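Please work from the sequences and hints to get the whole structure.
These protein sequence lines are chains P, H and E, in that order.
Numbers 0 to 228, taken from numbering that gives the first Met the number 0, label the letters of the first sequence in order.
Numbers 0 to 204, taken from numbering that gives the first Met the number 0, label the letters of the second sequence in order.
Numbers 0 to 189, taken from numbering that gives the first Met the number 0, label the letters of the third sequence in order.
Just so you know, these hints were derived from the structure itself, not from any lab.
Just to be clear, a hint being listed does not mean it is correct.
Lysine-lysine pairs mimicking PhoX-like chemistry, simulated, CA-CA at most 25 angstroms apart [what the hints assert, rightly or not]:
1) H:K49 / P:K170
2) E:K13 / P:K214
3) P:K214 / P:K71
Model, not experiment: these values are computed from the prediction.
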Amino acid sequence: MRRTFSENRVAALGALAVSLMTAAIALIFFYAPSDADQGFSQRIFYFHVPIALTAYVCFSWGAWKALRVLWKRDERADVESYVAIHQGVVFGALTLVTGSIWARASWGVWWSWGENQLVLFLVLFLFYCAYFMLRFSLEAGRARANMSAVYALFGVVLIPISFLAIRLSQKFIHPVVFNRHGPQMSGSQLLTFSVSLAAMLALFAALYNVELAGKRLDSHLRELRELLT
Amino acid sequence: MTYFSDVAALARKDLLLELRAKETLPSMILFVLAALTIFHFALPGGTAHKAALGLLWAALIFTALLGLTRAFVAEREQGMFDALVLAPCDRSAIWLGKSIAVFAFIACAEVVALPAFAAFFSGIDGRTVAAVALADVGICTVGTLFGAMAVAGRARELLLPLLFLPMAIPIVVGGVGGYLWFLALYDAVFALLAWAAFEYVVSEV
Amino acid sequence: MIAALALGMRFGDKRVFRDVSVDLADGGFLLVTGPNGSGKTTLLRVLAGLTAPSQGEVEGPPRHTVGYLGHDPLVYRELTPLENLTLFGRLYRVPERGERIGMLLERFGLWEVRNDRVSTFSRGMQQRLGLCRVLLHEPRLLLLDEPYNALDAAGAELLDGVFTEPRTWIVATHEPRRVDRLATDRLVFA
Chain P
0 MRRTFSENRV AALGALAVSL MTAAIALIFF YAPSDADQGF SQRIFYFHVP IALTAYVCFS
60 WGAWKALRVL WKRDERADVE SYVAIHQGVV FGALTLVTGS IWARASWGVW WSWGENQLVL
120 FLVLFLFYCA YFMLRFSLEA GRARANMSAV YALFGVVLIP ISFLAIRLSQ KFIHPVVFNR
180 HGPQMSGSQL LTFSVSLAAM LALFAALYNV ELAGKRLDSH LRELRELLT
Chain H
0 MTYFSDVAAL ARKDLLLELR AKETLPSMIL FVLAALTIFH FALPGGTAHK AALGLLWAAL
60 IFTALLGLTR AFVAEREQGM FDALVLAPCD RSAIWLGKSI AVFAFIACAE VVALPAFAAF
120 FSGIDGRTVA AVALADVGIC TVGTLFGAMA VAGRARELLL PLLFLPMAIP IVVGGVGGYL
180 WFLALYDAVF ALLAWAAFEY VVSEV
Chain E
0 MIAALALGMR FGDKRVFRDV SVDLADGGFL LVTGPNGSGK TTLLRVLAGL TAPSQGEVEG
60 PPRHTVGYLG HDPLVYRELT PLENLTLFGR LYRVPERGER IGMLLERFGL WEVRNDRVST
120 FSRGMQQRLG LCRVLLHEPR LLLLDEPYNA LDAAGAELLD GVFTEPRTWI VATHEPRRVD
180 RLATDRLVFA
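This is the structure:
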């Protein structure tokens with residue numbers, strides 16, 4: 000019974016993500032107004048920022064599950080934390096790619112140290128890639144679960160500290176030249192942005208559940224194999 | 000109070016081990032001097048004080064990393080984590096004792112490195128010295144925790160720089176910019192987190 | 000003294016043991032036997048609280064009443080016996096530390112070398128020092144993993160004498176003849 004429920008949930012989330020994504024793409028390309036300064040290319044904003052926000056959600060969800068590993072000794076939370084951070088790194092990489100494309104389209108450079116969020120994602124990308132190195136160098140078990148969880152918690156505290164550091168560094172590295180977000184978003188922009196954000200969050204939820212179902216299937220299979228021997 | 004006597008006993012053990020082996024501290028001092036020498040040739044002539052100061056921070060971080068990599072060698076090679084974890088002392092005392100010992104090594108290396116920097120490049124003001132001292136606290140507390148994680152894995156020496164360097168980026172920002180309040184904030188937040196987390200890193204049960 | 004129900008242990012895909020139960024009374028002697036690689040060491044680590052089992056739970060006495068001696072003697076090689084025992088005496092808050100340490104070093108024939116570095120010792124002397132360390136805080140429960148390893152005839156006799164003390168013992172060995180008559184409980188690994 001539980002399995003069919005979980006399968007249904009994955010299917011429902013998948014359908015939700017696909018329909019929201021379709022709506023978001025339609026809105027981004029056909030509904031949202033072109034930006035006065037940056038023209039058509041500004042539309043990547045509707046991908047870049049929601050993806051970045053989703054990555055934060057992934058890392059926070061991973062840290063919450065990590066807290067449960069340490070606090071409640073919840074063994075399932077270890078895999079959940081890992082999967083959330085895995086998705087976070089995927090969304091984080093996409094943030095770097097979309098940000099880089101945007102920088103190229105707007106300013107003709109592939110990388111800008113002046114863009115706080117981009118620099119922060121570089122730091123986080125480095126940090127969370129090391130998370131995987133840590134996990135892969137340890138044997139599965141309680142020790143690995145504990146250490147991964149501690150590292151994930153450091154990550155979520157590093158986010159605001161790094162953000163502050165990057166803000167401070169701008170004062171002595173170079174002044175802030177660009178201000179992307181400019182004036183307040185108009186109604187149509189806000190609608191497009193919200194649908195896009197909802198689509199990214201739904202995509203995360205769907206991918207999270209699919210990967211988790213896969214991992215659980217793996218461990219069921221292992222238990223079955225063990226029972227047979 | 001027994002907590003602090005445990006910490007003192009553990010830190011003294013590490014200082015004694017270093018006094019016998021004389022491995023970590025001489026390597027750190029040689030490393031930082033060699034790094035500063037390389038920077039002389041890496042920097043174009045007439046470079047501003049600011050650029051040299053930036054490189055000083057890079058040198059200090061990597062020197063500290065060298066010391067941190069060695070921090071748990073005795074525990075790892077002789078299985079001493081088992082003995083320490085079984086002892087009835089609070090596990091965070093193991094972390095604090097080790098952090099104090101690492102702090103002592105890093106501070107000793109810097110007592111050589113900072114005057115050398117002043118002689119090779121340009122003078123250092125009191126603010127930089129204060130920033131270095133505050134940065135050391137953050138480096139030791141976070142580095143010791145991550146060092147204990149790294150020695151448990153297969154990759155070991157390779158793993159610690161990967162774990163630690165992203166955490167060191169804010170330290171470099173605070174150090175180069177001379178933001179003492181920011182370094183103090185970093186120390187307070189991460190020392191507290193490391194203090195609370197160490198138990199889970201060394202103990203499974 | 001120590002109880003565990005249906006312990007199971009798995010490293011990745013490899014199962015080490017399963018359904019192992021232990022219920023050892025105060026003053027009991029649990030003899031764990033089996034060939035190399037059968038899981039004796041892992042069981043002792045689980046019972047000592049060093050490793051979390053994959054299944055089941057262990058209910059043992061508090062940490063300061065337990066002594067564990069593994070394959071390594073668990074002493075710092077670059078410190079002297081005296082420095083090692085002083086460190087652990089402090090951590091275990093042993094009363095009248097100096098006298099107790101002196102007595103143990105005397106008993107295990109290490110008094111003469113108390114100020115030499117452990118790294119200069121033979122394997123057998125290190126094992127004797129490991130025994131001093133594990134007995135230092137008068138533990139009620141002792142877990143010893145192949146304790147006769149590396150000991151010479153005199154060392155083995157000293158250890159025989161240790162087993163007559165009124166404590167609770169869990170001893171793992173692949174060669175059980177020497178302690179067989181002491182055993183009150185047995186676990187045989189295949």
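Is the Cα-Cα distance between P:K214 and P:K71 25 angstroms or less? Holds, because 21 angstroms separates the two Cα atoms, which is no more than 25 angstroms.
_Check whether the Cα positions of H:K49 and P:K170 lie no farther apart than 25 angstroms._
Given that 25 angstroms is the threshold and the Cα spacing comes to 14 angstroms, the pair holds.
Q.
With the threshold set at 25 angstroms, check whether the alpha-carbon distance from E:K13 to P:K214 stays at or below it.
A. 18 angstroms, holds
Taken one by one, the earlier hints all hold for this structure without exception.
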